[in-house]
Amino acid sequence: MVMDRLVAKLKKLEKQNYRAYQTIKGQYDFEDYDLYIDYVQGDPYASASRLRATRAWSLTGLDWLKEQSLSYQIAARDFIARSFAEYAKQDNNLSISLTGQTVLDNTAVLFTEHGIELRFRVNLPAEGRNILAKKALNILTFHLPKMIRKSTLDRELNKDALIQHCKTIEDQDALREQLAEQNLTAFVANGSLLPRVAGNSDLPMKNAVPFQAPKSLEVELDTINQGKIKGLGIPKGITLIVGGGFHGKSTLLNAIERSIYNHIPGDGREGIVMDPDAMKIRAEDGRCVHALNLSNYINHLPQGKSTEDFSTQDASGSTSQAAWLQESVESGVSCLLIDEDTSATNFMIRDERMQALVSKGDEPITPLVDRIGQLRDEMAMSTIIVMGGSGDYLDVADTVIQMHDYQAIDVSEKAKQVIELHPTQRIQENSDSIVRFSPRSLHLTGLQKVLADGKFRVSSKGVVSLRFGKEFIDLTALEQLESGNQVNAIGWVWFQLAQLPGWSENPTAQIKSLLEENWKEKMPNYGDLAQPRVIDVMAVLNRFRKAQFNNG
Numbered sequence: 001m002v003m004d005r006l007v008a009k010l011k012k013l014e015k016q017n018y019r020a021y022q023t024i025k026g027q028y029d030f031e032d033y034d035l036y037i038d039y040v041q042g043d044p045y046a047s048a049s050r051l052r053a054t055r056a057w058s059l060t061g062l063d064w065l066k067e068q069s070l071s072y073q074i075a076a077r078d079f080i081a082r083s084f085a086e087y088a089k090q091d092n093n094l095s096i097s098l099t100g101q102t103v104l105d106n107t108a109v110l111f112t113e114h115g116i117e118l119r120f121r122v123n124l125p126a127e128g129r130n131i132l133a134k135k136a137l138n139i140l141t142f143h144l145p146k147m148i149r150k151s152t153l154d155r156e157l158n159k160d161a162l163i164q165h166c167k168t169i170e171d172q173d174a175l176r177e178q179l180a181e182q183n184l185t186a187f188v189a190n191g192s193l194l195p196r197v198a199g200n201s202d203l204p205m206k207n208a209v210p211f212q213a214p215k216s217l218e219v220e221l222d223t224i225n226q227g228k229i230k231g232l233g234i235p236k237g238i239t240l241i242v243g244g245g246f247h248g249k250s251t252l253l254n255a256i257e258r259s260i261y262n263h264i265p266g267d268g269r270e271g272i273v274m275d276p277d278a279m280k281i282r283a284e285d286g287r288c289v290h291a292l293n294l295s296n297y298i299n300h301l302p303q304g305k306s307t308e309d310f311s312t313q314d315a316s317g318s319t320s321q322a323a324w325l326q327e328s329v330e331s332g333v334s335c336l337l338i339d340e341d342t343s344a345t346n347f348m349i350r351d352e353r354m355q356a357l358v359s360k361g362d363e364p365i366t367p368l369v370d371r372i373g374q375l376r377d378e379m380a381m382s383t384i385i386v387m388g389g390s391g392d393y394l395d396v397a398d399t400v401i402q403m404h405d406y407q408a409i410d411v412s413e414k415a416k417q418v419i420e421l422h423p424t425q426r427i428q429e430n431s432d433s434i435v436r437f438s439p440r441s442l443h444l445t446g447l448q449k450v451l452a453d454g455k456f457r458v459s460s461k462g463v464v465s466l467r468f469g470k471e472f473i474d475l476t477a478l479e480q481l482e483s484g485n486q487v488n489a490i491g492w493v494w495f496q497l498a499q500l501p502g503w504s505e506n507p508t509a510q511i512k513s514l515l516e517e518n519w520k521e522k523m524p525n526y527g528d529l530a531q532p533r534v535i536d537v538m539a540v541l542n543r544f545r546k547a548q549f550n551n552g
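Just so it is clear: in the sequence shown, position 423 is 423 by this note's numbering, and no numbers are missing.
Incorrect hints may have been included.
Lysine-lysine pairs mimicking PhoX-like chemistry, simulated, CA-CA at most 20 Å apart [said to hold, decoys possible]: (1) K25 x K159; (2) K25 x K15; (3) K206 x K228; (4) K228 x K215; (5) K66 x K520; (6) K15 x K134; (7) K134 x K12; (8) K215 x K25.
Ranges of calculated distance between the beta carbons of each label pair, as one might list FRET restraints [as the list claims (entries may be wrong)]: (9) I419 x K520: 29 to 35 Å; (10) A161 x I419: 48 to 54 Å; (11) E86 x W503: 45 to 51 Å; (12) R545 x E218: 44 to 50 Å; (13) N225 x S459: 49 to 55 Å; (14) E113 x D222: 39 to 45 Å.
Quick caveat, the hints were computed from the structure, so don't treat them as lab data.
All C-beta atoms in this analysis are idealised placements derived from N, C-alpha and C, irrespective of residue type, glycine included.
Modelling step: build the complete structure from the supplied sequences, incorporating the hints.
The following block contains the structure:
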């Protein structure tokens, strides 16, 4: 058996220098599965070695999964990865990449034409920098085979839990597909649990108040496996979420913004779905801006500086938020999510007193309140805003939801009465139509140079930063990134772009073509990649300080 070759190699390595582990790279036949050692760490303190195992469908009893929907298969792959992770807890040298409370199209487990492929990491054991070959043998030829077989065998898996897991994900995709035909941007099922345990935990809060939709906004959608489900339907257009402090405004927005992804059973958000092309934007002091036309929102700067081709390495809060909005339009975002608490006040609103004090001729910023209706009417872009401090948005809102004791109340009609009793005194500052500008072009050769200068390194630090070459891109403002696996994939999408010469005239379209259904085939055979959204790839690219864009 070819496995014996691995045993023989390892036995010779006991107490040798750690780099001698490199000799075990290759393919090994374990009779009922093949093991591939693709990458061996050069140092015991380096990133763990990358391995794969492939097992034929005929040996798994799981070939019935091939007949299921794409959503069901993505969920099944996720379930198998989580099962492997449970077994791997027995040995802290073994790990597989997971995606928390969400189910993403991940590369940790793949279904191929021939069978199931597991991709995982092994921290090859050492004492100092000397190889512990006996311990490595125990891991690779005793513990690991058991984990591979158990996690890829129908009778060893919790079949009921597997089916429930897959049906839950399949139903969420079915709900999301109905949003457009129902003219909705989001749906929150009755009984959903919105609050999380803490800011650093995505687990549901125990004893949280279950969500209940107001009757006036309650809609009924169909699922494949659970029948009809009722809940809050947030219509397309402009929606305000209002209410007193600590009553659940931001909690509702956070639950909605995370529901661009599917959630595992027991998460509490399995019945919440959002338009997948929704983007949360905020103020982001100090970020870079590349060759953007910001004239829809900012113009006639002091000293005659133009905003039609605006660049900076240190944007202010208002400029950064205006830039993010314009970048969102360019990359195809269909709905904006905004929390007043993380926004630049002067980008959001200029009240009548400030208008009286500082004339429009002296104020370069056209506030969002005066453009948001145009975004809806002229660009078909919806907006959901958490608003607690400015009533001027009531004039443009289509729907107003008040959160009280973590429950939603439809106050849209009451808002109209308030407008009649307290008409605004402020003056509209949008004197012209909003313009949809041509997309900027991207210098691909510039990406290649950065990559080459940094010895072609691509890696992530969770969802906090992306390393590309020698450069590190700060991603802390991108609140909808769910997993470092997505960030890794974004880096490898850039890697593919960097192989092309010259300029890309429409990088959004080019990125979209790289992320189509067969996206995994264009990636390295790593297990820590997850399909990102096109709009997130562009959002990270826009924060890359060395990116070279050209406007026009």
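How the hints compare with the structure:
no.: 1; hint: K25 x K159; in the structure: violated, 35 Å
no.: 2; hint: K25 x K15; in the structure: holds, 18 Å
no.: 3; hint: K206 x K228; in the structure: violated, 26 Å
no.: 4; hint: K228 x K215; in the structure: holds, 16 Å
no.: 5; hint: K66 x K520; in the structure: holds, 18 Å
no.: 6; hint: K15 x K134; in the structure: holds, 10 Å
no.: 7; hint: K134 x K12; in the structure: holds, 10 Å
no.: 8; hint: K215 x K25; in the structure: violated, 62 Å
no.: 9; hint: I419 x K520: 29 to 35 Å; in the structure: violated, 52 Å
no.: 10; hint: A161 x I419: 48 to 54 Å; in the structure: holds, 52 Å
no.: 11; hint: E86 x W503: 45 to 51 Å; in the structure: holds, 48 Å
no.: 12; hint: R545 x E218: 44 to 50 Å; in the structure: holds, 47 Å
no.: 13; hint: N225 x S459: 49 to 55 Å; in the structure: violated, 39 Å
no.: 14; hint: E113 x D222: 39 to 45 Å; in the structure: violated, 33 Å
Of the hints listed earlier, those the structure fails to meet are numbers 1, 3, 8, 9, 13 and 14, in rising order.
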